[in-house]
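Let chain A serve as the given structure and place chains B, C, D, E and F on it in line with the hints.
One line per chain: the protein sequences are A, B, C, D, E and F, in this order.
For the first sequence, my numbering gives the first residue as 50, with consecutive numbering after it.
For the second sequence, my numbering gives the first residue as 50, with consecutive numbering after it.
For the third sequence, my numbering gives the first residue as 50, with consecutive numbering after it.
For the fourth sequence, my numbering gives the first residue as 50, with consecutive numbering after it.
For the fifth sequence, my numbering gives the first residue as 50, with consecutive numbering after it.
For the sixth sequence, my numbering gives the first residue as 50, with consecutive numbering after it.
Don't read these hints as lab results, they were simulated from the structure.
Any given hint could be a false lead.
In this list, chains with the same sequence are indistinguishable; a pair is considered to hold if it fits within one copy or across any two.
Unchecked claim - Calculated lysine to any residue pairs in the SDA-like style (CA-CA distance at most 25 Å, straight line):
1) K190 - L128
2) K59 - E123
3) K56 - D114
4) K190 - R171
5) K59 - S126
6) K125 - N84
7) K65 - K94
8) K59 - D112
9) K94 - T115
10) K59 - D120
11) K125 - G86
12) K122 - I185
13) K56 - R135
14) K190 - I133
15) K59 - E147
16) K122 - T106
17) K56 - L166
18) K125 - N172
19) K190 - D112
20) K94 - E83
21) K65 - I145
22) K122 - F75
23) K56 - D150
24) K59 - H78
25) K94 - N142
26) K65 - R171
6 protein chains.
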Amino acid sequence: MNDLLHKPRKVYVSRKIEFNAAHRLFNPHWSDNENVGIYGKCSNKYGHGHNYLVDITISGIVDRDTGFLFDLKELKSILEEEIINRFDHKHLNHDIPELQDCVPTTEVLAVLIWDILEQRLRNINQRELALHEVKIYETGKNAVRYLGE
Amino acid sequence: MNDLLHKPRKVYVSRKIEFNAAHRLFNPHWSDNENVGIYGKCSNKYGHGHNYLVDITISGIVDRDTGFLFDLKELKSILEEEIINRFDHKHLNHDIPELQDCVPTTEVLAVLIWDILEQRLRNINQRELALHEVKIYETGKNAVRYLGE
Amino acid sequence: MNDLLHKPRKVYVSRKIEFNAAHRLFNPHWSDNENVGIYGKCSNKYGHGHNYLVDITISGIVDRDTGFLFDLKELKSILEEEIINRFDHKHLNHDIPELQDCVPTTEVLAVLIWDILEQRLRNINQRELALHEVKIYETGKNAVRYLGE
Amino acid sequence: MNDLLHKPRKVYVSRKIEFNAAHRLFNPHWSDNENVGIYGKCSNKYGHGHNYLVDITISGIVDRDTGFLFDLKELKSILEEEIINRFDHKHLNHDIPELQDCVPTTEVLAVLIWDILEQRLRNINQRELALHEVKIYETGKNAVRYLGE
Amino acid sequence: MNDLLHKPRKVYVSRKIEFNAAHRLFNPHWSDNENVGIYGKCSNKYGHGHNYLVDITISGIVDRDTGFLFDLKELKSILEEEIINRFDHKHLNHDIPELQDCVPTTEVLAVLIWDILEQRLRNINQRELALHEVKIYETGKNAVRYLGE
Amino acid sequence: MNDLLHKPRKVYVSRKIEFNAAHRLFNPHWSDNENVGIYGKCSNKYGHGHNYLVDITISGIVDRDTGFLFDLKELKSILEEEIINRFDHKHLNHDIPELQDCVPTTEVLAVLIWDILEQRLRNINQRELALHEVKIYETGKNAVRYLGE
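Pulled out of the complex, with its shape left as it was, chain A reads as follows (with noise of 0.2 Å):
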């Protein structure tokens, strides 16, 4: 529609969302000791918790005709879905199945948020839209990033 879009541009497009959830870390295969020498206070037995902010950013080439690289709304809705329904308000070693086997740590579950997006807007996938990031802040100062390598 206009000429600053007559060339493909590739733009990044962040989105943060926020749930509220509880973890612990602890490996079962060590002893009590173990987990306590590794991990500390995170390893005590009821857990803790946290406000977890997620920032998903996606690629892709701006579209001529809405401006839009993915409509906002409808990614908006795909991250309540696959996020905020999944792990909101839950306890991350009790109610998620997908990390019975893991230690619910920040790195672990960035891992998982990606591997749950990447496949989701792959069937999706129009316009070279592609899952770029996956960030998520567990406090104000400490964060991890995956990208998929």
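Using the frame of chain A, we list chains B, C, D, E and F on its own:
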């Protein structure tokens, strides 16, 4: 020492601390259905969690010699002893004796932290120092303030 | 239910919501030159816009059974109905009947939102619940508070 | 002047600016119904608005004498001239000639700001200075990045 | 002009400004050892520094014609003249005459800024305008408020 | 231990720390006038200061047993030893031996912190751990990134 403090000046000094904890909103006097009716997904069995950001405000007259209301290093040490050591990386329903007969809402937590700090600061009382406010941000959107009323 | 709430505890609970709107500062009783003199570029013909962040505070006594001042899900639903539905993605000068005889400054908007919420909360009054404050951040630097005075 | 800059060091320097503008997502080649179908309430007739936060990143080799990549005062002045003067307190659909044939989405705005700044910085090119990224936060939750690809 | 302002409405308007300054906590009436005992590393010889974020709040009745409490452009200009010009890029111990007999703590700085602004605003007094609060964030964690008490 | 980590996953882990320091932009090889011409008020004699926020990113393969890239407690301890102890509450021009022949701009500081951490992390190298990025926010508006290029 200086003209600015020649007359008494009442200031309010705030210090933020953060702890990570799990909780479950559940009243044991009610049925599971009643709990779900009131608390929704906040009553999920194993709990969820938050990064609780606590903003403590004390008030009083600025000391003419130090220019301080109260030594922030000492306040920081009191907050670590009374707040961080008690609540950080804990499950509020299981690990906090003072909350055993409570539903650990943010309102209740603000009242409890007030009671703990008000008693602690009363004992070292000097220079008209007083606890003024406990404010807890449960998420970036929700906050509760208690001023001892 | 618990000792902490044995005596009445008055708390202040805040909830933030955001809406995106356009507005133009323009007094139709004045000439264009007078409007530019008072409002500068804020009086540009087609308007400009903001992400309005509104922080609503209610006050009252914590309920002994629920540990809540007021159910946040219900507060969220009231704010969506009264604030988001009314103002989000609107042009304040064209789309809001209540502002037709106003210059839609942040001061006026805070007063209007107070009047709307105060009447709504009065009707469902219980547990000494009252609207305490409407605070609007027009940008990260400017904010207006109205407390019903 | 110093050992640290004895070998060339490539850095990325970012500067944030903010402008307040209105926009309407509306494609004049489509019917009103089609516009509502794609853009929803973003296509409301008079538009809505945002506090657009723009984070500009330039890259290049640190100058051995000044210790700067580029004088921030000069960068600030360029950004005020090219961005603030052009977009602040404007309605993107009505007041910006470069956007007359566009739907003024955040994606399109990022591309336009890149084109404007890339040409401006190219003309004063020195010290391998280059525009690296234009990132726009439309709200606290949504952002678009463009890197000239 | 409009019904909303038919009765007087008292609002509180806040404006944030930031300045970057160095300071050293050191009382010349004490020995070096006494200073280290009270101020710790804050008494290091050459000083350290902060991004001081100052949040100024004024109060009064909204003007019926403009819809403003006070023209923000005028407030901004006063704050630049009185605060930015005086403190920005200065060493509080060396460069500020008003602080020569003070330990430049955040408490003292809040009192000084209050005294400066209260006198300035008193002279242009109209519409029941009054200085309500000076709040300084020394870091993201520490803040001091002074209300003229 | 789990399927998610069956194949190697490269993640980026970030940790933020903050220190408060004074600095003066001044090149001793130039006259005072030349310094004012280049650095403006940043060259004021006694310096000014900042809350420097440093965001350190490391990269590597997630450990299958711990679910960590690297123990955050260990990273925190390294950052306190190498960054906080060296820079916090210091005057960069007077107190930091490594900066004696430098103009302590944010660019130079980012390069220095990279050099310090890259050497430190190289010595404890395991699991393909590498320093990825040093990002310093001098204010909320200005930031510098260095990636070792």
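Next on the checklist: Regarding K56 and R135, is the shortest C-alpha distance of 25 Å or less found within a copy, between copies, in both, or in neither?
Outcome noted: Cα proximity of K56 and R135: across copies only (24 Å, versus 39 Å in one copy).
Checklist entry - Is it within, between, both, or neither for K56 and L166, if the alpha carbons may be no more than 25 Å apart? => result For K56 and L166, only the inter-copy Cα distance (18 Å) is at most 25 Å; the intra-copy one is 29 Å.
Next on the checklist: Cα distance capped at 25 Å. Does K56 pair with D114 within a copy, between copies, both, or neither?
Outcome noted: Only inside one copy: K56 and D114 sit 13 Å apart there, 40 Å across copies, limit 25 Å.
Next on the checklist: Treating 25 Å as the Cα threshold, decide for K94 and N142: within, between, both or neither.
Outcome noted: Both: 11 Å inside a chain and 12 Å across chains, each within 25 Å.
Checklist entry - Is it within a copy, between copies, both, or neither that the alpha carbon of K59 lies no farther than 25 Å from that of H78? => result between (46 Å within a copy, 24 Å between copies)
Next on the checklist: I want to check one pair: K125 and G86. Are their C-alpha atoms no more than 25 Å apart within a copy, between two copies, both, or neither?
Outcome noted: Answer is between: at 16 Å across copies they meet the 25 Å cutoff, but 40 Å inside does not.
Checklist entry - Can you tell me if K59 and D120 fall within 25 Å by alpha carbon in one copy, between copies, both or neither? => result within (15 Å within a copy, 29 Å between copies)
Next on the checklist: Reference check for the pair K94 and E83, CA-CA at most 25 Å: within, between, both, or neither?
Outcome noted: Within. Shortest intra-copy distance 14 Å satisfies the 25 Å Cα cut-off; inter-copy 28 Å does not.
Checklist entry - Using 25 Å as the alpha-carbon threshold, which applies to K122 and T106: within, between, both, or neither? => result This pair counts as within: shortest intra-copy Cα distance 15 Å, inter-copy 28 Å.
Item to check | Homomeric proximity label, K125 with N172: Cα distance no greater than 25 Å | outcome: Within one copy only: 17 Å inside a chain, 35 Å across chains, cut-off 25 Å.
Checklist entry - How would you label the pair K94, T115 (within, between, both, or neither) given a Cα cut-off of 25 Å? => result between (51 Å within a copy, 17 Å between copies)
Item to check | Up to 25 Å CA-CA - D150 versus K56, copy category | outcome: Cα proximity of K56 and D150: across copies only (15 Å, versus 47 Å in one copy).
Figure legend: structure checked against the earlier numbered hints; the only hint not met is number 7.
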